[in-house]
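**Q** Chain by chain, the residues:
Protein chains: 2
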Amino acid sequence: MGASKLNIHSKNSNDIAIIAKVFAHPARVSILQYISKQESCICNDIVDEIGLSQPTISQHLQVISKAGLLKGDFKGNSLCYCINVERFQEFQELFNSFFIKLNQSNC
Amino acid sequence: MGASKLNIHSKNSNDIAIIAKVFAHPARVSILQYISKQESCICNDIVDEIGLSQPTISQHLQVISKAGLLKGDFKGNSLCYCINVERFQEFQELFNSFFIKLNQSNC
DNA sequence: TTGTAATATTGCAATATTACGATACAATGT
DNA sequence: ACATTGTATCGTAATATTGCAATATTACAA
Numbered sequence: 814m815g816a817s818k819l820n821i822h823s824k825n826s827n828d829i830a831i832i833a834k835v836f837a838h839p840a841r842v843s844i845l846q847y848i849s850k851q852e853s854c855i856c857n858d859i860v861d862e863i864g865l866s867q868p869t870i871s872q873h874l875q876v877i878s879k880a881g882l883l884k885g886d887f888k889g890n891s892l893c894y895c896i897n898v899e900r901f902q903e904f905q906e907l908f909n910s911f912f913i914k915l916n917q918s919n920c
Numbered sequence: 814m815g816a817s818k819l820n821i822h823s824k825n826s827n828d829i830a831i832i833a834k835v836f837a838h839p840a841r842v843s844i845l846q847y848i849s850k851q852e853s854c855i856c857n858d859i860v861d862e863i864g865l866s867q868p869t870i871s872q873h874l875q876v877i878s879k880a881g882l883l884k885g886d887f888k889g890n891s892l893c894y895c896i897n898v899e900r901f902q903e904f905q906e907l908f909n910s911f912f913i914k915l916n917q918s919n920c
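In the order they appear, the protein sequences are chains A and B.
Residue numbers for the first sequence, in the working numbering: 814 to 920.
Residue numbers for the second sequence, in the working numbering: 814 to 920.
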């Protein structure tokens, strides 16, 4: 078979994996870092910054957005993407509890 | 083109993405959680626990291992996988600094 | 309304990941 | 030596991801 046997895993494992996927591409990491640096942000700026085409950036933004990590305000015909800090802190907490669990490992 | 334009991104972005990829599959999350719970661990146990075939688990273990997250001691003909806590803490630090950067975002 | 600038969507090609059966390899027990 | 048990590798199929050109959509300005 192929690549989709996700239903056999626990909700917690799936949640963490879904979050990790957002960060699992350097373009998305760079995009997030860039957005957090800016007060406001226009997609075209990101295109120049990251060096990928506009459709590709738009696609990555959608992935980030679907995870709930972005709040977007319209500002003229350009978007102002901001990081949804509340949602982001949920991410952080999930990851931290995962990290804490793993740190208890002893050989 | 296709899926490989990784050279245009910063080292930091690539590093974070590489780490995130390890956690970007629920099977690997479950495997890591399972290993950390055990004192010692035999691969076949994981197979029963996770519900994937032995070759698939072995493949996932390789991904985790290549990231440097495992220390393996041989114990008879079965392996004892343990989490490499030092390496894991490097992961944590990279992620935390990334998280801290993103939290400074204000809309 | 027509033009313009910014972003989103569609369609497709290239590549990567996931999964497993078959098989090979390694260590132990008899 | 031979069988048994546990793990790794190979080959292959299914699916997912990444990337872009072409096109559509949206919002504003004149």
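Hints listed in this document are in silico derivations from the structure and should not be mistaken for laboratory results.
There's no promise every hint is true.
[Stated by the list, open to error] According to the in silico footprint, chain B covers these stretches of chain A (three or more CB under 8 Å from chain B): (1) 823–831; (2) 855–862; (3) 905–916.
Quick reminder that beta carbons are idealized off the backbone N, C-alpha and C, glycines included.
**Q** So, against the hints stated earlier in the document, which numbers end up violated here?
**A** When the structure is compared with the hints, only number 2 turns out to be violated.
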